[in-house]
Structure formats: structure tokens, C-alpha cells
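Single-letter residue listing:
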Amino acid sequence: MASVLLKDLTKTFKNVIAVNNMNLEIKDKEFLVLVGPSGCGKTTALRMVAGLEEATSGEIFISDRLVNDVSPKDRDIAMVFQNYALYPHMTVYDNMAFGLKLRKVPKDQIKSRVQDAANLLGLGELLERKPKQLSGGQRQRVALGRAIVREPKVFLMDEPLSNLDAKLRVQTRAELIKLHRRLGITTIYVTHDQVEAMTMGDRIVVMKDGLVQQVDSPMGLYNKPVNMFVAGFIGTPSMNFIDAKLVKTEGRYTVDAGSFKVMIPESKTGKDWDKYDGKAIVFGVRPEDIFDKAIAMVPPTVENTITALVDVIEPMGAIVTAYLTVGDHSLVATIDAETKMIEEKDMEFVLDMEKTHVFDKDTEQAIY
Amino acid sequence: MKRSTNTKLTVVGFLAPAGLLYGIFFVLPMAQAFYYSLFRWRGLSQNKEFIGLQNFRDLANDGIFWMAMKHNLTFMVASMLVIIPLALFFAYVLSRKVPGASGYRAVFLFPNVISIVAVAVLWSFAYNMRFGLINAFLKLVGLERYTAGWLGDPHTALPAVIATSIWYCLGFYIVLFLAGIQSIPTSFYEAASLDGATQWQSFRHVTIPLVWEILRLGVVYIIIQTMNVFGLVWVMTEGGPSNHTETMLTYLYRKAFAESQYGYGTALGVVVFLLVLTITMLITRIMKREVVEY
Numbered sequence: 001m002a003s004v005l006l007k008d009l010t011k012t013f014k015n016v017i018a019v020n021n022m023n024l025e026i027k028d029k030e031f032l033v034l035v036g037p038s039g040c041g042k043t044t045a046l047r048m049v050a051g052l053e054e055a056t057s058g059e060i061f062i063s064d065r066l067v068n069d070v071s072p073k074d075r076d077i078a079m080v081f082q083n084y085a086l087y088p089h090m091t092v093y094d095n096m097a098f099g100l101k102l103r104k105v106p107k108d109q110i111k112s113r114v115q116d117a118a119n120l121l122g123l124g125e126l127l128e129r130k131p132k133q134l135s136g137g138q139r140q141r142v143a144l145g146r147a148i149v150r151e152p153k154v155f156l157m158d159e160p161l162s163n164l165d166a167k168l169r170v171q172t173r174a175e176l177i178k179l180h181r182r183l184g185i186t187t188i189y190v191t192h193d194q195v196e197a198m199t200m201g202d203r204i205v206v207m208k209d210g211l212v213q214q215v216d217s218p219m220g221l222y223n224k225p226v227n228m229f230v231a232g233f234i235g236t237p238s239m240n241f242i243d244a245k246l247v248k249t250e251g252r253y254t255v256d257a258g259s260f261k262v263m264i265p266e267s268k269t270g271k272d273w274d275k276y277d278g279k280a281i282v283f284g285v286r287p288e289d290i291f292d293k294a295i296a297m298v299p300p301t302v303e304n305t306i307t308a309l310v311d312v313i314e315p316m317g318a319i320v321t322a323y324l325t326v327g328d329h330s331l332v333a334t335i336d337a338e339t340k341m342i343e344e345k346d347m348e349f350v351l352d353m354e355k356t357h358v359f360d361k362d363t364e365q366a367i368y
Numbered sequence: 001m002k003r004s005t006n007t008k009l010t011v012v013g014f015l016a017p018a019g020l021l022y023g024i025f026f027v028l029p030m031a032q033a034f035y036y037s038l039f040r041w042r043g044l045s046q047n048k049e050f051i052g053l054q055n056f057r058d059l060a061n062d063g064i065f066w067m068a069m070k071h072n073l074t075f076m077v078a079s080m081l082v083i084i085p086l087a088l089f090f091a092y093v094l095s096r097k098v099p100g101a102s103g104y105r106a107v108f109l110f111p112n113v114i115s116i117v118a119v120a121v122l123w124s125f126a127y128n129m130r131f132g133l134i135n136a137f138l139k140l141v142g143l144e145r146y147t148a149g150w151l152g153d154p155h156t157a158l159p160a161v162i163a164t165s166i167w168y169c170l171g172f173y174i175v176l177f178l179a180g181i182q183s184i185p186t187s188f189y190e191a192a193s194l195d196g197a198t199q200w201q202s203f204r205h206v207t208i209p210l211v212w213e214i215l216r217l218g219v220v221y222i223i224i225q226t227m228n229v230f231g232l233v234w235v236m237t238e239g240g241p242s243n244h245t246e247t248m249l250t251y252l253y254r255k256a257f258a259e260s261q262y263g264y265g266t267a268l269g270v271v272v273f274l275l276v277l278t279i280t281m282l283i284t285r286i287m288k289r290e291v292v293e294y
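Residue numbers (this note's numbering), protein chains in the order written: chain A, 1 to 368; chain B, 1 to 294.
Errors might be hidden in some of the hints.
Below, simulated DSS-like cross-link-like pairs (lysine-lysine); rule was C-alpha separation at most 30 angstroms, straight line [said to hold, decoys possible]:
1) A:K132 - A:K27
2) A:K340 - A:K361
3) B:K288 - A:K101
4) B:K288 - A:K130
5) A:K73 - B:K70
6) A:K130 - A:K261
7) A:K132 - B:K48
8) A:K101 - B:K97
Source of the hints: derived by calculation from the structure; they are not laboratory data.
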């Protein structure tokens, strides 16, 4: 069993609260992703689990053992750094074997473990090379190999793909997922890239300003964001946010944005919605939930159709990114490439109202 | 082809002024020194008697010269054995963000900013047998039996001068090594920590290999400094008592300027130059390692 429990974990640097009262449980064998913008506290949280930063308050448990006062080498964890931190004066073999040598593992065992990890990661031919003789992707695999040979209880990964080019990043992402499935080691992965988070994590922790915003599965975050930050952070392109008013008429709720009006499906509303009647709200719709009426997947009705001016069209291959203007509001839509949109022309668009969101304007919390 | 010639001419043009200065102030005097070493010459007159390599033969049979060389080599070895580990240790400690580190740095470097003559005079007072600080302190702590003549005692004079030299130079090497250590990314130490390295193992397996080039430079500096030591020794002892602190350059000074044997002194200078060159090349070769890039 290799679960990790963070209890009321806080880290303060002088007057700055980097991690604020974090409570999180990572299950055995889980691939958990910490995601958020720069400075949100995700790396600090990871470093506290590693023992590289001392917690200001709170507790950290690894496999039910309190490790706050346990040194990094005794926590049975392994870490992959953003810049890999490969020892430049050692060969690939020595880099991978270093930790085992320090632990006085017998030479034949070291050789066997290093060889196994090298074979798993395709490093067999590179064992005598030095890091400067390797490409970025190869260095990254060596850093992984160094972690794997330790046979730790928990892997910690601090943005390991951020130094790779886009194509290699996509490739390595898939390899990491396969590796995790094969090894089954509990992993805490830090990234600022929401695409990485969505594609890799069993669960994702979205952080902002030291606070945990939401912990959920990728689709949970995508479909039911708890606030505007999560809604805007997850998904590419970002969700469109429109200031509007919520008006209740004959039991149905209308989003009145001034330049357009759409109606919320009955299935989405609840008792809590009454207090927002007549109040200012923020209406959220993802670009992929806006359709060209002519080729819409969703049946167009008067409740879900808007007219917008097409400003700019960006062909992206299978889809087209369209920049729209509706009165004072700007929207981004990703439309199927079959569309016959023309720039600087008014067109009708259909919103998939089942997938839209409404947020409290003051608290930015989602209204469900 | 034309472009390549133009480029070469441009390069030569930029290098020429520096090359000219180097030639005038370094190469020419060196060549002159080699030239004068082949003469018997009192320095003040135009008369020079060509004697070929006789000066070098005389040096080879000069017991004081060999003693002086031995003293320089002692200086060199003692300085290396004390300065390198001590400076590395203090630099490593200072690099670990000890409270007041910048204050300590200033304290360590302070001796280096004082004139070598002032240092020599101050320490001469401290070593004074009758009223010096060192003997007074030893008496105070009940170690009177360790009091000595220091600079006046043939057995203690050289160690005393070497100790002063080490005190003077240590700060420079601490700062030199500290610069090297601080350029090592913290993530290497963090990775080593996670790999299970103790502080000593981190120092041995991460710090030392990654500052090796700076270490090598430090060793070369020590060789040059100790083989050319003059000012400190001359002010403190003038090479005495009875040549027991004589170094090659104090002997050169005495021969050339006190005894007006310029040819002989110059020959000694040539030998010192060749010796320092040989030792530094040897050490550089022995300590050579693949350049580490990170």
C-alpha cells in the first residue's frame, strides 16, 4: 500500500502563503495530477511530500507513516525534476546506479536493476554516455530510469515534460501513462498544462494561489467545474464567459446577455436558482458547444440560437476556430470544418444548452 | 577566399595591440632575462662577460639555492595541503546559506585586501618572542612550553612564515571556490538527497567533481604564489635566520641587488620560471578531467 495523505498542509515563505491548508488523499497506485498556473503552490506541495521543503504546519503521511520529520532519502520516494537534475559528470549507468550504490545494494543487483530499467525505457545503448551527449527526450528517460531503479513507493514528477518540444511531449505523455499502468506505482505529477493534466490523471487537483479549487476526475472537472477559475482553466480554447442577468419566467430561467437571450433547460435548474432571479450572473459556454446552425449536432430552437458576427476564422484542419461578436460580447467557437462560415458576415449559431454553465457573479461559484 | 583573408586580417588587427603590449612587457623581458643569464654582469656597468651556461652550473652547485628551492616546495605543499581542504570546507559551508554568510565572507576576505607588507609587519610583531601576541596567548592558556623564538628560531621560522601566508591567502581561495560551488544548481543536491546521499557524500560525489576545474585553477594559483613568494618572507625574516627561510626569489634579490650579481640572479630567475612552468604543466595534466557541462 502506498497512499499519500496531506492533512491541513500549509507552507509559508515570509509573508506569502504558498500552500494554504491543503487536504488531499492520494490512493495507492493512483496517478494524481496537481495543475494550476505558475505560483499556485503545486510544486511547493510536491516538494513538501518529497521532504525538500519543510511544512510550516500540517501533516504528511506516506503509507500511513507520518513523514514530516523523515529525511527525503528515508521516505521511499523518487522524484523526476523539471530540469532532470542528471549528474553531468556521471554516465547514464552511474546516474541510475548512484542511489543504489549509496544504499549499498550489491553490485550484481545494481547491474540487473539498471539493465531492466534501461531496457524498459529504451536506454540500453546509451548507458555509457554522459548527459550532455543525450537529447532532451533521452535525458528525460534517464531521469525516469533513475527513479524507477529505486523501486519507490511513490513517484513525484515536477513538470517533467516542460523542457521537451511539443511533438515529443505528446509522445512521452503516452509513454508515461503506459509506464504507470505497467509499474502501478502511486504517482503525483505536477504540471501547468491542462492538456497534460486531462490526458494523464486519474484525478486532477486544480490549484490557485495556494488553495485547492477542485479535486475530481478529468471529465468531472470538465463537465462540472465548481467555479469560474476551474471552468476557464480546463479546456482549450478556454470557456467563454459572458456577463448576463438570470430571469425567471413561467418557471423557466432565461440568460439575458443584452445582445442575446438563451434559455436554461429545466433539467439543469434547481431550488437554489430562485435566489438568482433578476440577479447578475456569468454565463459560461465552451467553444466546442457552439455550433453552426446549418450543421449543428444539437436541434436549433429559439431557446438556444444566437446571431453573431463572424470576425475571424482560423482553419485548424478538422475544425475551425471562429472569433465571434454578439453585441458587446466576444465569443470563441470551434466549429466543424464543414462549415460555410464567411468572415464579416452575420450567422446563426446554436448553443448546446445542456452543457452550458452559470456562475454567481460575486463568488464566481458555479450554480447547479 | 578573399573573405577569409579579410577576416584573418581583421582578427590580426584586433589582436595586434594586445599582442604588442604582451610582447613588449612580457615576451621581451623574458627573452632579455634568458640573454642576461648567459653573462657575468654587475648590472651598473655596460661591461658584460659572456660565460655561456656557467651561471646555471654554479646554481647547480649552490647549496643555498637548493635549500631555497626546498623551502619553496615546502611552502607549496604545505599551502596546498592546508588551503585547498580548508577553503573548500568553508566555501561549502558558506554556500549552504548559513546565517550571516555575507559577514563571514567579508571576514575571510579581509586579510587579502591588506597590503602584504602590512601583514608581514603585523605578524612579525605577533611572533615577537618577548612581547608578541602568540607567546603571550600561549602563556595565558598554560601552554608556556610551546612558546618559541618563532621568526628568530631556525626550527620554527619557516612554519611561522608559511602559517602567515596561509592566513593571508585563505580568504581568496574561499571566495574562488564559493563562486564555483554556487554555480552548481541546487537540484543536483536535491537529487542526491533523494538518492540517499549524506552531506559528506553530496560533497564528495557532487560538489568536488563539479568544481574540479576551479580546484585545478586554485592549485595552479597556489603553485605560482608559493614558488614566487618574496614580499612576506623578505619583510618578516629576509630569508633568515641563517637562510632557514630563504626562498628562491629572496635569494635572487640578494644575489642581484645586494651582491650585484645580475647575471647569476637572472639565471636564478630563469630557473624559477622553468620550474614553475614545469610544475604547473604537470599538475594541470595530472588533474585534467573531462569538462563538465550543465
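So, against the hints stated earlier in the document, which numbers end up violated here? Structure breaks hints 1, 2, 5, 6, 7.
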